Structures are given as C-alpha cells and as structure tokens.
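First to last, the protein sequences are chains P and B.
For the first sequence, this note's numbering assigns the number 21 to the initial residue and increments by one for each residue that follows.
For the second sequence, this note's numbering assigns the number 21 to the initial residue and increments by one for each residue that follows.
Derived by calculation from the structure, the hints in this document are not laboratory data.
Keep in mind that the hints are not guaranteed to be accurate.
No distinction is drawn between identical chains; accordingly, a pair holds when it is met within one copy or between any pair of copies.
[What the hints assert, rightly or not] Simulated crosslink set (SDA-like; lysine to any residue; CA at most 25 Å straight-line):
1) K206 <-> V104
2) K214 <-> G281
3) K100 <-> L385
4) K151 <-> Q89
5) K23 <-> E73
Keep in mind it's a predicted model, so treat the numbers as computed, not measured.
Number of protein chains: 2
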Amino acid sequence: MSKKINNTPKKDGFRMPGEFEKHKGCWMIWPERTDNWRNGAKPAQKAYIEVAEAIAEFEPVTMCVSQNQFMAAKEMLSSKIRLVEMSNDDAWMRDVGPTFVVNDKKNVRGVDWRFNAWGGLVDGLYFPWDKDDQIAKKVCEIENIDYYSLETFILEGGSIHTDGEGTLIATEACLLSEGRNPNLSKKEIENMLKEYLSIEKVLWLPHGIYLDETNEHVDNIVHYCKPGVLVLAWTDDPNDPQYAYSKAAYDYLSKEKDARGRSIEIIKLHIPDEVLINKEESEGVDKVDGTLPRNEGARQAASYANFYIANGGVIVPTFGDEMHDKMAIQTLSKVFPERKIVGIYAREILLGGGNIHCITQQQPLG
Amino acid sequence: MSKKINNTPKKDGFRMPGEFEKHKGCWMIWPERTDNWRNGAKPAQKAYIEVAEAIAEFEPVTMCVSQNQFMAAKEMLSSKIRLVEMSNDDAWMRDVGPTFVVNDKKNVRGVDWRFNAWGGLVDGLYFPWDKDDQIAKKVCEIENIDYYSLETFILEGGSIHTDGEGTLIATEACLLSEGRNPNLSKKEIENMLKEYLSIEKVLWLPHGIYLDETNEHVDNIVHYCKPGVLVLAWTDDPNDPQYAYSKAAYDYLSKEKDARGRSIEIIKLHIPDEVLINKEESEGVDKVDGTLPRNEGARQAASYANFYIANGGVIVPTFGDEMHDKMAIQTLSKVFPERKIVGIYAREILLGGGNIHCITQQQPLG
Numbered sequence: 021m022s023k024k025i026n027n028t029p030k031k032d033g034f035r036m037p038g039e040f041e042k043h044k045g046c047w048m049i050w051p052e053r054t055d056n057w058r059n060g061a062k063p064a065q066k067a068y069i070e071v072a073e074a075i076a077e078f079e080p081v082t083m084c085v086s087q088n089q090f091m092a093a094k095e096m097l098s099s100k101i102r103l104v105e106m107s108n109d110d111a112w113m114r115d116v117g118p119t120f121v122v123n124d125k126k127n128v129r130g131v132d133w134r135f136n137a138w139g140g141l142v143d144g145l146y147f148p149w150d151k152d153d154q155i156a157k158k159v160c161e162i163e164n165i166d167y168y169s170l171e172t173f174i175l176e177g178g179s180i181h182t183d184g185e186g187t188l189i190a191t192e193a194c195l196l197s198e199g200r201n202p203n204l205s206k207k208e209i210e211n212m213l214k215e216y217l218s219i220e221k222v223l224w225l226p227h228g229i230y231l232d233e234t235n236e237h238v239d240n241i242v243h244y245c246k247p248g249v250l251v252l253a254w255t256d257d258p259n260d261p262q263y264a265y266s267k268a269a270y271d272y273l274s275k276e277k278d279a280r281g282r283s284i285e286i287i288k289l290h291i292p293d294e295v296l297i298n299k300e301e302s303e304g305v306d307k308v309d310g311t312l313p314r315n316e317g318a319r320q321a322a323s324y325a326n327f328y329i330a331n332g333g334v335i336v337p338t339f340g341d342e343m344h345d346k347m348a349i350q351t352l353s354k355v356f357p358e359r360k361i362v363g364i365y366a367r368e369i370l371l372g373g374g375n376i377h378c379i380t381q382q383q384p385l386g
Numbered sequence: 021m022s023k024k025i026n027n028t029p030k031k032d033g034f035r036m037p038g039e040f041e042k043h044k045g046c047w048m049i050w051p052e053r054t055d056n057w058r059n060g061a062k063p064a065q066k067a068y069i070e071v072a073e074a075i076a077e078f079e080p081v082t083m084c085v086s087q088n089q090f091m092a093a094k095e096m097l098s099s100k101i102r103l104v105e106m107s108n109d110d111a112w113m114r115d116v117g118p119t120f121v122v123n124d125k126k127n128v129r130g131v132d133w134r135f136n137a138w139g140g141l142v143d144g145l146y147f148p149w150d151k152d153d154q155i156a157k158k159v160c161e162i163e164n165i166d167y168y169s170l171e172t173f174i175l176e177g178g179s180i181h182t183d184g185e186g187t188l189i190a191t192e193a194c195l196l197s198e199g200r201n202p203n204l205s206k207k208e209i210e211n212m213l214k215e216y217l218s219i220e221k222v223l224w225l226p227h228g229i230y231l232d233e234t235n236e237h238v239d240n241i242v243h244y245c246k247p248g249v250l251v252l253a254w255t256d257d258p259n260d261p262q263y264a265y266s267k268a269a270y271d272y273l274s275k276e277k278d279a280r281g282r283s284i285e286i287i288k289l290h291i292p293d294e295v296l297i298n299k300e301e302s303e304g305v306d307k308v309d310g311t312l313p314r315n316e317g318a319r320q321a322a323s324y325a326n327f328y329i330a331n332g333g334v335i336v337p338t339f340g341d342e343m344h345d346k347m348a349i350q351t352l353s354k355v356f357p358e359r360k361i362v363g364i365y366a367r368e369i370l371l372g373g374g375n376i377h378c379i380t381q382q383q384p385l386g
C-alpha cells in the first residue's frame, strides 16, 4: 500500500522534522555480520538489545532481522520490541532506512536515497550492499507510507542533521567525497537536499570525527537538540587531531546564522579518552577481503554526540571513561531538562564503526 | 511487540470467528518455487496477483515475499497491495499463517500451529519446511498480535472450517493422517481444537476432494457461508470417485446438528469437468527429488468450494468450464446476496496443489 511518488517533498509541502519532534517509533536492524562484529556479533547484539529496550521505554521499537537470525533474536529481545524479517548487509538503520518527511496535515512520507555502503567501489566499507539499499522501501511498505525514490543520488541518514525549520548541517568531507556523488557540485548537492527535505540553508562543516570511516558523518560530531541549539563533539587537547576538526566546526558555526536568521548556540560535549581496538577484539572479527579490517590498536571515532533523541528520553553512548561519560550526561541533562538521559555502554557498537544514532532511525508521528 | 501466551484461547475467552465475519485484511505469500510452479512460477504469480488485486477491492491485502522476489513483486503488484519480506518454503498462507482468534472485546490473537508440509517425513510434499513454520509468528509480530504457540501439534488452516459459533468441520482423512499427529487419538485431536479455537462440536467428514494432496483438506470440499449454511463440492456422476466422497459428506451432514443444535443447510456446488495436467504444464516444473512430481495427465483436485470470503466480496476459482463455472457463480450469488461474486481463472493455482482459499488467510477486525 505504498507507492513511489514522482515529485519532490518540497513541491508537495513535506519537510524533514527535527529528531526532537514527536515520534511514532524507532527502527533498528539486528547486527550479525562476522566480518564486522566480533565473536559472531554476540557482544554487539547485546549492546543493540540494550539500546532497543531503552528506547522502548519511550516509544515503540521495530527490530529488522534477517531470516538467519530471526528466531534467535526473538529469544533475546523482550516482547516490547516488534520483530520483522528484513534482509540486510549490515545493521545501520540511520544510513539505510528512509528519511521521513511530514506535512502540515501530519501526513508522513519516506525519502529513499541510494545507498552504496559509504563510498561504493571508491571507498565503501563492504560489497555488495544491495540488501541495504532496499531497506528504506521495505520499511515504507510495512508502514503503508508513500515514498520518493532517488535513482542515483547517494546519501545516508547519518550524513545530515536538521533543525526541522529549514536548516541542514552536513560535512564536506562526507557529502563531497569521491565515492558518493562525484558528478555533482556542492551547489547541486545543496539543491538536492533543499528539494528533498524542504531545506532553505545548508551549513557545511569541513570535517566530522577524526578517523570516522563514514567519511566523517555529521551525526557523530554534532546533534541538533532544538532549533537554534546544538551540541558539538569537542576536545580541549590541541595535540589531538580532533582538535582542529572541532575547532573549525565551532568557529564556523559561531559565525553562521540558521535558516531563520538565528545565531546558533553551541554546547560542547568533550569526547572520551582515546578508544583503541584491543587484540582480543581484533581477533574476534573475520578477516575478509573487501571489508574494512578491524586492526589491533586502531583508534575508534568515539563521540557522545552520537545519541538518539526519543520521546521523553535521550539514549547516549558511554565508553567507560568515568569523567567524560559523567560530563556528557550532565551536559545533556541540562540541554534536555524535559527528557530522561539514559547512558548505555556502547563500546561494542563503536567497534563496528558507529554508535547509537547510527543504528536507529526515528519515524515521526503522522 | 508480540508475546507468546502460555494458556489456551478457550481459557482466555478467545474463539475462531467465521470467515464471513468482518476482516481487517488478508495475508498471502508470493509463489516462486520452480519445483512446484511451472515456468519459474511466472504464470502462478499472475494468478496470485489477480487474486490479491481482487481481494484488495474489498479489504487490505499484505503479500509476503522472499528477498529474492521482493523487488520483482513490487513491480508487478499495484500499490494497493502491501509488501513485506518473508522467507518461505512455498506460498500457502492458509496453511502456514496464524489462525486468528478474537474475544468479546475485539482483541485479536494468533494460534501458531506446527507445520510439517502436510505430512512431514511420512507423506509431506517437500522438505525442509522450517521457513513456512515461522510464518505464523512473523505475521503476528508485524501486527503486534500476541499468540499461542503449539510445540508439537500439527495443523494447517485449510484443514478446518468453523461457523464461528462453536462448530468445526474437518476430514478424518487429513486430521487423522499418519503424517500429522499419529500419537493422538481422534478424541485428543478434538480436544486440542476445542481448547485452541473454543469449539464445542467437531463434525468429521470421512473425505475431502479425490486426489487432494493435502490428505484431503476440508476447505476444498466445504465452506461455511454463515452459521447453519454451507456449500459442498458435489458431482452428479456416480462413476466419478468423488461421488462417494461427496455423498458420504452429504449424508453425514444431513443427519448432524451443529454446536447450537441446528440442522445444517447444505448447498451443492458441482465440481468442474476433470482437470488434468497437460504435457507443457508438466514439463515446466523442475523435477526435484523429495518434492511431489507434477506428471502429465494427473487429475487435479478442482473444486469451487475453495473460495475466499472477503468483506463484501467472494473470490471464486473458475476453471474454464463454462457450464460449471457459471453454475458455481450463480449458486454463490444466491448464497451471498450481499456480496459481490468475483470469479478468477485459477488453473495455475490449482496446478500447484490448491486454490484461492489455500493461498489466503483473513485477519479478523480487532
């Protein structure tokens, strides 16, 4: 009961809402690929379960699971979580799910971008990615939501953030990367975002988080908390390569105005102490040609900005760094006084290349 | 958001409604196995599409499709039909889907029987059948419906019919077959049906349709149209092996009373002229060890009783037998004056071993 719409959301009066607006629920995908997740993905599954169950305290959660893992996942998840079968190449619903748009009449539609595993044959993270690329359609089908389907334009949900009022933030490192839309200029990419998300102004950060394998998705470095206010991953250590990235973002955003002409309040979220893959973790991952290796000692792109805003709650990754974990939760408690802040130890998700925001996708209330 | 319930529908006050009661919608499975459906299942898919689109005129239809066929099915089906990915071993939703039960408060639950491909290792029609056996759970999960799950009791939805008022009809040939529940007596099987469907009285026909490979499912020979009234597949030809089967059913039902103490009105639906597989049809099916062969000249278990009752409509198989097709539609028009009778040429479904009722499963309105 879903149909492809041959127009654009802007022409139809649909906009991408902010994540802080009301949700109908949240979508996730069950992790299982053994060349990305250590020990048969069992530790990652536990972390995903914690995230799913935490979100389910605030809003309905649907977990998409492959046929292979369906019955096992059913045993591990509580009956609060809805399970639906869905083939996948990995478990990043933020990036493969639909970007939902809404209109004034509370109608909801999906935008189905092309997905090429964060860079396709240029610098993508695995091959093939055909199952992932079908997930946005399948989510819309289950929900009877009509969708806009882009034939060639490559985008992941984690590479954009919006205030729901006409402003979008992205990183140049990602959106202008060689592996995505090399034939489009920056201006043309802006125009696609404007047309498909009803955006008026795009703010371009040069970089995201240092060594972020997604070509530095914006959702790992900033997060809109409400219109005019965002958090920014930060470090006070000028010797950390992240310093220059965060400083550049800070300086840029300090001078910019959003689509409504407002200055932007920037709240710093200090990153945790360096997180490195250890020997045991590295050895638990299948080495497979064509998939990004998980080598011992590799620095992980750890950031507290990679949280999920649920109805009445915020689910934040923690890293076992007592001081910075605590600081992050305190900061977010002040930013979101009306929401409960729930910290979840997310090292196992981080080891797979992302974090809580990357593995979730909110469906706005229709 | 579905949970297994460790009780029985009877104890919880849930009953199986009649098919003629109001539906929320209809479930189907997309056919694709080339060792059952000729020519890569393409002709069968066309027939399934016709059935789905016809039902969709009356109520929402969800088509469950494997990953392999998902995108192809999306192209072939109209946007009226909801598609959801679901692994399967074949395409008989009546037999593998949940049997829905309802209570007085309009709550709906599922009953998830064990499925063993119509006889398991004794005389089942294919192996393995594990994906089919998970379908009832998956349908309930998608709909957020709690379900009763039977560990060992084997049953297919097509082997039972109910008037929704305490009466159930089944065939001895099927329910007492060696390949299903050989360790249970007839009385014990009756008790399971009573407990899981809130049945008070089971009516036992000795046989169903001659050469029906399901061990003669009841849904191919009779269909409850409303409490106290059913149609019975019939032949006037005493030399047809079907004659004895239909006559025995007629004689038995004529003398019996239903659970409410009513006599049963029996309306005869004459079967079509013999339908035999032709050479071309037989040659289009992959011959595979362990799957029922489709040999040239084999008589098919054709019957008009294998129809689907939708909200406001009845979808009836036709066989290109002008006289009997017309008779069946006329008869059903009188039986269902308030519903539109839609005939669909269903030879391709029949060739796969069943018909319109076998490939559908209604979900009652909650």
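* **Numbered hints the structure breaks, given as an ascending list** => Number 1 - this is the single hint that the structure violates.
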